[in-house]
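Quick mapping for you: the protein sequence lines, in order, are chains A and B. When the count follows this note's numbering, it moves up by one through the first sequence with no breaks and lands on 953 for the last residue. When the count follows this note's numbering, it moves up by one through the second sequence with no breaks and lands on 953 for the last residue.
Where hints are given, some of them may not hold.
One copy or two, either will do: identical chains are not told apart, so a pair holds if it fits within one copy or between any two.
Keeping only pairs whose Cα atoms sit at most 25 Å apart, straight-line, the calculated SDA-like set for lysine to any residue is [stated by the list, open to error]:
#	residue 1	residue 2
1	K637	V891
2	K565	P923
3	K935	P616
4	K502	S723
5	K637	P896
6	K626	A578
7	K474	A587
8	K502	R612
9	K565	G945
10	K565	E554
11	K565	E700
12	K734	V697
13	K699	R767
14	K693	Q915
15	K935	S621
16	K734	R558
17	K626	I450
18	K474	N895
19	K935	P814
20	K661	P766
21	K619	N890
22	K474	G892
23	K565	F715
24	K474	V697
25	K699	N455
26	K619	S723
Just so you know, these hints were derived from the structure itself, not from any lab. None of the values given here were measured: they were computed from a predicted structure.
Given next are the chains, with one letter for each unit.
Protein chains: 2
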Amino acid sequence: MSEQMNGAESLVRTLIAGGVNVCFTNPGTSEMHFVAALDKVPGMRCVLGLFEGVVTGAADGYYRMLGKPASTLLHLGPGLANGLANLHNAKKASSGIVNIVGEHATYHIAHDAPLTSDIEGVARPMSHWVKTSPNSTTIAADGALAIEAACTAPGQIATLILPADTAWGPANGIAETRPQPPLPKVSEDAVKAAAAMLTSGQKATLLMGGAALRHATLELAGRIAAKTGCGILTEGANTRLERGAGRVQVERIPYVVDKALGVMKEAGNLVLVGAREPVAFFAYPNKPSLLMAEGAKSTKLAGIEDDMHAALEALAIELGAIATPPARVAAPRRPAIPTGAIRPETIAPILGALIPENAIVVDESVTTGREFFGETAGAPPHDWINNRGGSIGYGLPVAIGAAIACPDRKVLAMIGDGSAMYTIQALWTMARENLDVTVLIFANGSYNILRGELTNVGVRNPGPRAVDMLSLGRPDLDWVQMARSMGVPARRADDCAQLAKAIEAGLASGGPNLVQVSM
Amino acid sequence: MSEQMNGAESLVRTLIAGGVNVCFTNPGTSEMHFVAALDKVPGMRCVLGLFEGVVTGAADGYYRMLGKPASTLLHLGPGLANGLANLHNAKKASSGIVNIVGEHATYHIAHDAPLTSDIEGVARPMSHWVKTSPNSTTIAADGALAIEAACTAPGQIATLILPADTAWGPANGIAETRPQPPLPKVSEDAVKAAAAMLTSGQKATLLMGGAALRHATLELAGRIAAKTGCGILTEGANTRLERGAGRVQVERIPYVVDKALGVMKEAGNLVLVGAREPVAFFAYPNKPSLLMAEGAKSTKLAGIEDDMHAALEALAIELGAIATPPARVAAPRRPAIPTGAIRPETIAPILGALIPENAIVVDESVTTGREFFGETAGAPPHDWINNRGGSIGYGLPVAIGAAIACPDRKVLAMIGDGSAMYTIQALWTMARENLDVTVLIFANGSYNILRGELTNVGVRNPGPRAVDMLSLGRPDLDWVQMARSMGVPARRADDCAQLAKAIEAGLASGGPNLVQVSM
Chain A
435 MSEQMNGAES LVRTLIAGGV NVCFTNPGTS EMHFVAALDK VPGMRCVLGL
485 FEGVVTGAAD GYYRMLGKPA STLLHLGPGL ANGLANLHNA KKASSGIVNI
535 VGEHATYHIA HDAPLTSDIE GVARPMSHWV KTSPNSTTIA ADGALAIEAA
585 CTAPGQIATL ILPADTAWGP ANGIAETRPQ PPLPKVSEDA VKAAAAMLTS
635 GQKATLLMGG AALRHATLEL AGRIAAKTGC GILTEGANTR LERGAGRVQV
685 ERIPYVVDKA LGVMKEAGNL VLVGAREPVA FFAYPNKPSL LMAEGAKSTK
735 LAGIEDDMHA ALEALAIELG AIATPPARVA APRRPAIPTG AIRPETIAPI
785 LGALIPENAI VVDESVTTGR EFFGETAGAP PHDWINNRGG SIGYGLPVAI
835 GAAIACPDRK VLAMIGDGSA MYTIQALWTM ARENLDVTVL IFANGSYNIL
885 RGELTNVGVR NPGPRAVDML SLGRPDLDWV QMARSMGVPA RRADDCAQLA
935 KAIEAGLASG GPNLVQVSM
Chain B
435 MSEQMNGAES LVRTLIAGGV NVCFTNPGTS EMHFVAALDK VPGMRCVLGL
485 FEGVVTGAAD GYYRMLGKPA STLLHLGPGL ANGLANLHNA KKASSGIVNI
535 VGEHATYHIA HDAPLTSDIE GVARPMSHWV KTSPNSTTIA ADGALAIEAA
585 CTAPGQIATL ILPADTAWGP ANGIAETRPQ PPLPKVSEDA VKAAAAMLTS
635 GQKATLLMGG AALRHATLEL AGRIAAKTGC GILTEGANTR LERGAGRVQV
685 ERIPYVVDKA LGVMKEAGNL VLVGAREPVA FFAYPNKPSL LMAEGAKSTK
735 LAGIEDDMHA ALEALAIELG AIATPPARVA APRRPAIPTG AIRPETIAPI
785 LGALIPENAI VVDESVTTGR EFFGETAGAP PHDWINNRGG SIGYGLPVAI
835 GAAIACPDRK VLAMIGDGSA MYTIQALWTM ARENLDVTVL IFANGSYNIL
885 RGELTNVGVR NPGPRAVDML SLGRPDLDWV QMARSMGVPA RRADDCAQLA
935 KAIEAGLASG GPNLVQVSM
């Protein structure tokens, strides 16, 4: 190249050379040199979001499906702040993301212009790695470090802050990203301790999480279960679970504390494989935080940062189970489609009947979806994605990232109406990118989960102020108009037959579409 | 009361006793005891937002109009994070806000549940005051401290973190909020230095900001200008400017650096009254950060935390100008309504013709609005509100807060389409509260400001990647359907006559309504 590249171009080229070739963007003035570099350098797919929570959530979904980071482009501290809630969710899901956050030129910061803020301070609570690159000759190397941080097993949030003069000043070229070391193998002692727990004669369960929820690893768990009689469980919310007919089936620990305690009592001692001792989502007066059964013990076979497949393989060998046919394999089952009114219990079999093979199901169905899991267990093989961080508004953006990552698969996003409103701008990006996403909005017109929680804290007959704060009514949201306003075709379903037809039509369309599931 | 109150109730009662009687809310499970207390205790108006940026922006608008803080209710770290961008804007506007942020029960935090995060870390970059209240007997006193912090002149962001067990445990009663001390008076030396600068024979200008932009204080500036021949200027973005026919007129420093430098050259030396030496919004290669004319000096008469009205009064007396009829008083002027196509230059006179007396104009018109200010100077008296922090998505939420604060006034929110999408959920709250807000969406289908900035950084013929990242097209947003989906009546205007008619009808409706201004 005869023309010297600037810092922004050296960063874009470093990202692409390091395997980061998707950028979810919401740029501003301070990022214009980066945008110009994206324009100039081929090889980066740029996907615009109209709100930063869409951008960061999409990067989360992308990582969950491909296991490699996308980049985001965010405008200064407030732009990063808008993306922070979904970075929280991504962090809890161990998704790797490279955030590029624009900053004023280094000499401009001291002048405290309107958009000046403590960007590192904003980044830190939701990032594993934060760095402001001081000048245009350092940014390529810092970009490589950011990729390495994001790729560090099991995946990390790396936030690289790019001052405008670092972007526009002259650079020396690109930097190389070092490959990741192989995943750590667990110790023989950990394998022996797990084997001892599973063969002690006491009830025991494999509690699985992270990448241990892939088909091949679950099959090892199934062999161990067949040999020892142990259970197989996961936490309530999973990064990505491969499931469906012919695969080893895993139950999730319920959200409601009393139900969870019942399940954990049955589970007994725990062998932890990419999971921690289970914890309640929230604390409640006179209920425990830790959901372990009384007297139950746990032993850690492998953490999410370890080679969990190898660990389970070693355990299966130790137990003589490596050739045992797996237990708990889900039989193919397509429930009959019910008729009549739409209720959580009638939606579940409709989903079980219609989830297509190889679908990616993004579950943010909150209260509506509590029965979905069981009824869909026998559907053809599919992936199931949950919110690991609990900040609602994750589902629509994650669906975007999953669809970008896997253009040949159908995405079914099941979203509560309250949740959908946090990042509703995602619909526009689905339309622009013509993504194969069918969105179900469960329109119960309330923060239904909170009604239950209000009862839990002792309010039996809430007054109008409380009811109003938990209701999405006055006025009702019209999801069909909402979707169409952003270019997404939409239908409304008022009974089970309409719902089944709408889901079938949506999935068949091959493009983005939304179904208002009126309840 | 025979029943002992809990921490949440003691906090609600402390807030109300301290004059904080509006709560913009988006609650979650960890805030249910606070919601229950709001339900039980009369005296707090609760306004639900479906996204936290709406909540915090509304609190900003409320303070700008009333000069007293509202409270917000936010759900843990991610809920606060979603509200952070508009807290940034509020902080830069010196708006006082009391944020109540729920947190897990203190003993639950160590278990690192899904929603656990470093809430204080999230709060700090956008707060002046942050405290986690350790237990239910401290929360009332901490609530009073939060109110005092929020009310500290000229207004501060106070973030009070409320662990669930602090909310549900037993309290001792309410706490009293101490009154604020009177605003500091400026020194005689400061007055004399300002007088000397204005009478030195060199060009000089009063650069005004904050609460100095109220009618009565501006009149003092007008008397001084009449006596000394000085100019009167404000920064580009103001918290709230009282203006219109019969009031002393103030020009704003333009956004574009070269234009700003021209204005500042004319301005000469600066007497600072609630303003700082002006700074460019962004840095650009080979352009200055500080917009002072070469060789110009400044002297600080009063900061925004001082009694600026008294300072200008003292200065007027010092100059013998206290009885001089003010200069630069705007003459009543209603421009003729143009015909034909809608362009920025034709919208401006329509606004000048139609802005009603006593209106609150919230300006987030970005590129479209660069000519609005001049053409509306002679409209009947009204308030003009700008984005002090520069994070777009402030306008619709601030309009909510202004309308709640001033139910007898009409609010005209002028919003660029790109900006509107960040906090579009605000429309629903406008509908629910039946607020008298007319929203104009300038639908130019792009982040138009960034097209100019891309040219500024040297990209003359942007390729498809760059164009796509700055365009809101593919698909176009349908603002009429968007508004109706959230219960807000809407119209589309395709020419000047339609636009004038739509604005008139919207203002006459007395309720929320939206006009898609198609450009």
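Tested hints:
no.	hint	result
1	K637 with V891	neither (34 Å within a copy, 67 Å between copies)
2	K565 with P923	neither (42 Å within a copy, 47 Å between copies)
3	K935 with P616	neither (47 Å within a copy, 68 Å between copies)
4	K502 with S723	neither (34 Å within a copy, 39 Å between copies)
5	K637 with P896	neither (43 Å within a copy, 65 Å between copies)
6	K626 with A578	neither (39 Å within a copy, 57 Å between copies)
7	K474 with A587	neither (32 Å within a copy, 49 Å between copies)
8	K502 with R612	within (14 Å within a copy, 55 Å between copies)
9	K565 with G945	neither (39 Å within a copy, 48 Å between copies)
10	K565 with E554	both (7 Å within a copy, 21 Å between copies)
11	K565 with E700	neither (47 Å within a copy, 42 Å between copies)
12	K734 with V697	within (20 Å within a copy, 68 Å between copies)
13	K699 with R767	neither (29 Å within a copy, 78 Å between copies)
14	K693 with Q915	neither (38 Å within a copy, 43 Å between copies)
15	K935 with S621	neither (53 Å within a copy, 77 Å between copies)
16	K734 with R558	neither (29 Å within a copy, 36 Å between copies)
17	K626 with I450	neither (43 Å within a copy, 61 Å between copies)
18	K474 with N895	between (62 Å within a copy, 11 Å between copies)
19	K935 with P814	within (19 Å within a copy, 57 Å between copies)
20	K661 with P766	within (23 Å within a copy, 90 Å between copies)
21	K619 with N890	neither (44 Å within a copy, 53 Å between copies)
22	K474 with G892	between (61 Å within a copy, 12 Å between copies)
23	K565 with F715	between (32 Å within a copy, 24 Å between copies)
24	K474 with V697	neither (56 Å within a copy, 36 Å between copies)
25	K699 with N455	neither (46 Å within a copy, 47 Å between copies)
26	K619 with S723	neither (31 Å within a copy, 54 Å between copies)
Violated hints for the displayed structure, listed by number in ascending order: 1, 2, 3, 4, 5, 6, 7, 9, 11, 13, 14, 15, 16, 17, 21, 24, 25, 26.
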